[in-house]
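Peer 1: Given next are the chains, with one letter for each unit.
2 protein chains.
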Amino acid sequence: MQMPAPDARVMAKKDHVLRRLMAVLPEDAVIHDPTATRAYECDALTAYRCPPLAAVLPASTAEVAAVLKICHEERVPVVPRGSGTSLAGGALPTADSVILGVARLNEVLEVDYPNRFIRVQAGRTNLSVTGAVEGDGWFYAPDPSSQLACAIAGNIGMNSGGAHCLKYGVTTNNLLGVTLVMMDGTVVEIGGAHLDAAGYDWLGVICGSEGQLGVVTEATLRILPKPEGARPVLMGFDSSEVAGACVADIIRAGVLPVAIEFMDRPCIAATEAFAGAGYPDCEALLIVEVEGCPAEIDEQLALIKRIAEGHRPVALRESGSAEESARIWLGRKSAFGAMGQLGDYMCLDGTIPVSALPEVLRRIGELSAEMGLRVANVFHAGDGNMHPLILFDANAPGDLERCEALGAEILKLCVKAGGCLTGEHGVGVEKRDLMGVQYRPEDLDAQMRVKDVFDPDWLLNPAKVFPLEASAGRRAG
Amino acid sequence: MQMPAPDARVMAKKDHVLRRLMAVLPEDAVIHDPTATRAYECDALTAYRCPPLAAVLPASTAEVAAVLKICHEERVPVVPRGSGTSLAGGALPTADSVILGVARLNEVLEVDYPNRFIRVQAGRTNLSVTGAVEGDGWFYAPDPSSQLACAIAGNIGMNSGGAHCLKYGVTTNNLLGVTLVMMDGTVVEIGGAHLDAAGYDWLGVICGSEGQLGVVTEATLRILPKPEGARPVLMGFDSSEVAGACVADIIRAGVLPVAIEFMDRPCIAATEAFAGAGYPDCEALLIVEVEGCPAEIDEQLALIKRIAEGHRPVALRESGSAEESARIWLGRKSAFGAMGQLGDYMCLDGTIPVSALPEVLRRIGELSAEMGLRVANVFHAGDGNMHPLILFDANAPGDLERCEALGAEILKLCVKAGGCLTGEHGVGVEKRDLMGVQYRPEDLDAQMRVKDVFDPDWLLNPAKVFPLEASAGRRAG
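Protein chains in written order, with UniProt numbering: chain A, 1 to 477; chain B, 1 to 477.
For the record, the hints were derived by calculation from the structure and aren't laboratory data. Be aware that a few hints might be false.
Which copy? The list can't say, so a pair holds if one copy fits it or any two copies do.
Below, computed lysine-lysine pairings styled on DSS-like, alpha-carbon distance capped at 30 Å [said to hold, decoys possible]: (1) LYS13 / LYS167; (2) LYS226 / LYS167; (3) LYS13 / LYS69; (4) LYS167 / LYS416.
All of these numbers come straight from a predicted model, not from anything done at the bench.
Kindly generate the complete structure, drawing on both the sequences and the hints.
Peer 2: In structure tokens form, the structure reads like this:
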């Protein structure tokens, strides 16, 4: 992974920049001690590390604006950071950059049930947004696996999804408005709490822009009434292709489960050893969950089980109690932790048309065999968002490089199947150099011209998303 | 209503332009006879009329591109037109413009149930999109009142909603991708059929841009499985404020009906006389519909009726049969036709926070009395999208002007309440001069700079959306 050389001009005036930052922020909000900045040297893509020039922790929109104004005047790159849970290196610093962490921006600003929204500061964690309203019977739908830790700011940056997104959509479908601080310190409001807005709709452009267009400090989010109940059914199949075909048939039949989760044998085995969820011994497993009142749940599950039976499942078990449901989900939610017990892994993120699942899974199996690295699959099958986990040994010379090469092949396969390079993790640094697989040079140029408009000097998270050669003429340094 | 003077330069070369258009389109696809162009002189905002230079009816994306390329080279303004059902004058021609009608682009291109989408040419009518999939148990959710006639292209241009949007969202929430022809004839694909896309998300900017950024020729739309059943309940109240408070309480309680429709006394009376739907004699009426399996419907309606009873309804009747449900909806769906029997009317479109309904309805009543024009209200109350109908007499001198003045006051009231100038009809020419109520000059300039990027010569629908003085320096002619 190549990163651009630090800008010598910035490094030389480090002390001057720090002094200016310390003049607008409280003492404990500017972190520059080399030991302390180590905490910000990487995000959840831990294979790549680089301590930043400094990290700042502003506690208000005004402080964010003051920081950006200074960095703009001094031409210092800024890397916005939510909770640092990016799996694509979205919050990876460069040595000449200031990390702008939004963790102190974590207040609930407004809860409005008649108008069905909550307004929060963007550093608030995903799960604590639901936490603020669940006592009254409401919830915020997008639920990334990292929801205990990840920040709404990061969810917006990456357009995050989660297990429940089949029914409720991803972040962009649940975001009503943002307060955005531009690189020059200007504060703008985009969207709002109410239906429609009379100008052009910038929310879509901001959501998923990976912190390259501005820093989101506040967000207005759609909240939903909690359904009366939910119940999962567990299905085991003797091949991944058959499980994939079952998913396509469920969707085609016109039921819309709230989640269809997929796990293959390597993942099932690791999870069972770790969490003991009582999963069947099989090649591929689906967890299909439906929501509603008991009668509606009964009827939907009856149809789903009828479809599954047509695919000759080796196991088919409907949850009989709240405890059993919790145990089924505990397994799925422990899957990433369980895989970590097996060794190092890289978690990929790509999307494909649901109908291509069987073929793509078959081809991933072949690629895994060819390259001699094990791949485990655990993902949101209902909306075609795949998360192949490639197992490798970080201490074995050459293993990381082979892992990266296999990852690239799998993502190319997603694009070829009609899908795309990223579902919910973003491009970050991880998939930067693969953008050319999906886009022609003129497409990339058109995308970079959007950044030109929002951030003409390319100071915001500049070394991400675009191949370094493509953005070289635009980045400072 | 002032429109810009026709561009003399364009008028002088009319024959030359027509010859070029006829060279790339079939003979019957270029309409220029003054009698025939009269069919395109207005849309559903019939108070304003102006025959165009010509109207063209291309039948493919390639033909649309050929037309735009010629008009771009000749610097002739183009006004895109779906089915001409705009209530805001979005498809109103200028004398120097070519109307580009997409009515011949009406094919279904692809239906894909496993991936839950339909791809259609954009001139296809809204209702016939559902028509193409309902036999298999699916539907397309946005349902404008004009759905029998209105085109998907127009739905995208105005970000249309409808009665079912409380639960399913408006067009922007159900649009996955478009084929867009730029003013210079370039064809671009934006979004696609599958989850997420790796570049910036332009769909939000295109949806609702009123034909000012490009011409949409194909659209990929989310389709949904039809719910098992639906059932409405009819509620009468002795004041509009109380009905509004009941709506806010229903939403606050965490039920999400598929529709909450509101009608006030003038509208109820006209509708009863016209359609005989059996509506109660009262000041305000709500139709609340819920969906699901029978048990779920029973439970939701029980809660809704309990809330309604707290507001002392003068009538409360749950539908007991499919026939009764149809009759209840027939009344609502005939409301606009019924109002037309009473005389001329102007249909407004604004949004407000749901919680502000009681206060805004009260204030509309006062304004109506002050200005001496009757106002009837019929609208989607659940998401705060209001449609006050102002009754006037087009033959009475000064009545139209008073009607426009009252409309402007009501829309200002919406903005003041925290809402906005348009919910689903767009700005068009109707609300062009009110944009300054919602936006500062620098906000408008920022919006116009977006159009500068997509259409540097301001040839696409140029006299719409922005106040004429604000856009004067940019428009040709």
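Peer 1: Are the hints correct? Go through all of them and say.
Peer 2: Hint check results:
no.: 1; hint: LYS13 / LYS167; result: neither (51 Å within a copy, 55 Å between copies)
no.: 2; hint: LYS226 / LYS167; result: both (13 Å within a copy, 14 Å between copies)
no.: 3; hint: LYS13 / LYS69; result: within (16 Å within a copy, 52 Å between copies)
no.: 4; hint: LYS167 / LYS416; result: within (26 Å within a copy, 35 Å between copies)
When each numbered hint is compared with the structure, a violation occurs for hint 1 only.
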